[in-house]
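Those protein sequence lines, which keep their order, are chains A and B. Going by our numbering, the first sequence opens with residue 1, and the numbers climb by one from there. Going by our numbering, the second sequence opens with residue 1, and the numbers climb by one from there.
No lab work stands behind these hints: they were computed from the structure. Positions of the beta carbon are idealized from the N, C-alpha and C atoms, including for glycine.
Derived DEER-like restraints, expressed as beta-carbon distance ranges:
1) 62/B with 19/A: 53 to 59 Å
2) 39/B with 101/A: 20 to 26 Å
3) 62/B with 24/A: 44 to 50 Å
4) 78/B with 71/A: 25 to 31 Å
5) 323/B with 35/A: 47 to 53 Å
6) 107/A with 207/B: 29 to 35 Å
7) 107/A with 103/B: 38 to 44 Å
8) 128/A with 80/B: 42 to 48 Å
9) 29/B with 56/A: 20 to 26 Å
10) 72/A with 78/B: 20 to 26 Å
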Amino acid sequence: MVKFAPPADGRPMKKNDLILIAALLAVALLAYAGVSLYSKVSTNKAEAVVYQQGKEQGRYRLSENTVVEISLENGDYNILQIREGQAEITEASCPDKTCVRHRPISRQGESLVCLPNQMAVEIENGADSGIDGATD
Amino acid sequence: MKKVYGVILLVIGIAVLVSAICLYGRDEKLNQYQGQFFDCFDTVTTITGYAGSQEEFSEKMDLLKQKLLHYHQLYDIYHTYSGINNLKTINDAAGVEAVKVEPEIMELLKLGKEMYEQTKGEFQIAYGSVLSLWHDYREQGMAKPNQAKLPAKEELSKRAQHTEMGAVVLDETASTVYLTDKEMSLDVGGIGKGYAVQRLAEYARELGMEHVLISVGGNVSAVGAKIDQKPWRVGVENPDQDSLEPYLCTVDMVDQSIVTSGDYQRYYEVDGKRYCHIIDPHTNMPPEYFASVSVLAKDSGRADALSTALFNMEFEEGLSLVESLEDVEAMWIGKDGEIRSSSGWKADEKK
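Turn these sequences into a full structure, and let the hints steer you where they fit.
What follows is the structure, given as structure tokens:
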């Protein structure tokens, strides 16, 4: 049986005990710093992920401005623009243009959907939007 | 000096142990996964749930997709599928013969009739003759916006004569459906999706999934709570699509469903005026009361039918209907953005 009690001789903690406590604290702090740094890095890794018919077609970092043409074999297309950390569809061949009218997205789980072209852009690894789903 | 080495060894040992526990815990924990597909009900289906691995989640997703696809085929009014009698089969046999149907169709149509009574005809499943006319004009108007036209009043009222609910004959003993009016047709657009979502939620439970959020084109149903026992948080879309604020408020859900009917997604414009896809059976025209109505209820099929009905009703009338029903709450968003809600509606307003 291990007894967690002060030394029996009644003297204050030994120097080595202090070293141990300090070392443990240091490890804990380091671990905490590591974890927070890791999660911070991952929020900067927000990506716009393009899906066609449910299959992933490409990933684009929100931190890098770019314009991508997402096209289908039959000539239909959506133009995805990433600018200042936000993704939006600026042009599309679909008749309803719902995807073009949709506001730009940047937060985790938000999506741009084009039903006629069976295309979706979703934000992954993004900052938490605080919601699990949406009703529209 | 020996003791110092001992301490260092001990610290290293603890550090290794702690990281091992962290890594182990991460892998063993059920992770949250999300899957998406497009094949059902002409919309996007998103399922959020938990599993030990992506493979395990994908297996369940495939089963759920098969199930939803089955409902999609049964409730389809545009296509027939070999080996099954669906709503198109029933519509095609109108005035000719009764059609043998699966329980999934019988139950849906029974609920449809019940909701028709409950909403005093503001929700209609036998309204296909009018809806299909609007559908054709909307499709043409979207394809060629400068030639967009409205259906003629006379044509609308002519078609509205073939929407008598009494002509929908359900024979539960024989499991048949017969439309006695040759010109009539069923359209379950305002209830089929919601009903299917409810059945899908029940099927997810049968598969052992106790924490799932299902969204079929904005018909959202929560199975249980999240795995940490917190409720699922669902955003209600801002009808103002130009606004940078995506959601007007959020609703917390456990074993509940929410459905929204709005004028801002499916519509076409004639002379600069917006005409949405929901048609009021009493006027044969798109209603202009609200930008959207959201209904929160236990049952997704009822929520679906009610959101359509409330969209067709003036606020006071709709409010008294909602207040008369148990476990049903609603929120109305006006065309000017004004938000009103029933007495038990609980939502976090977005700042």
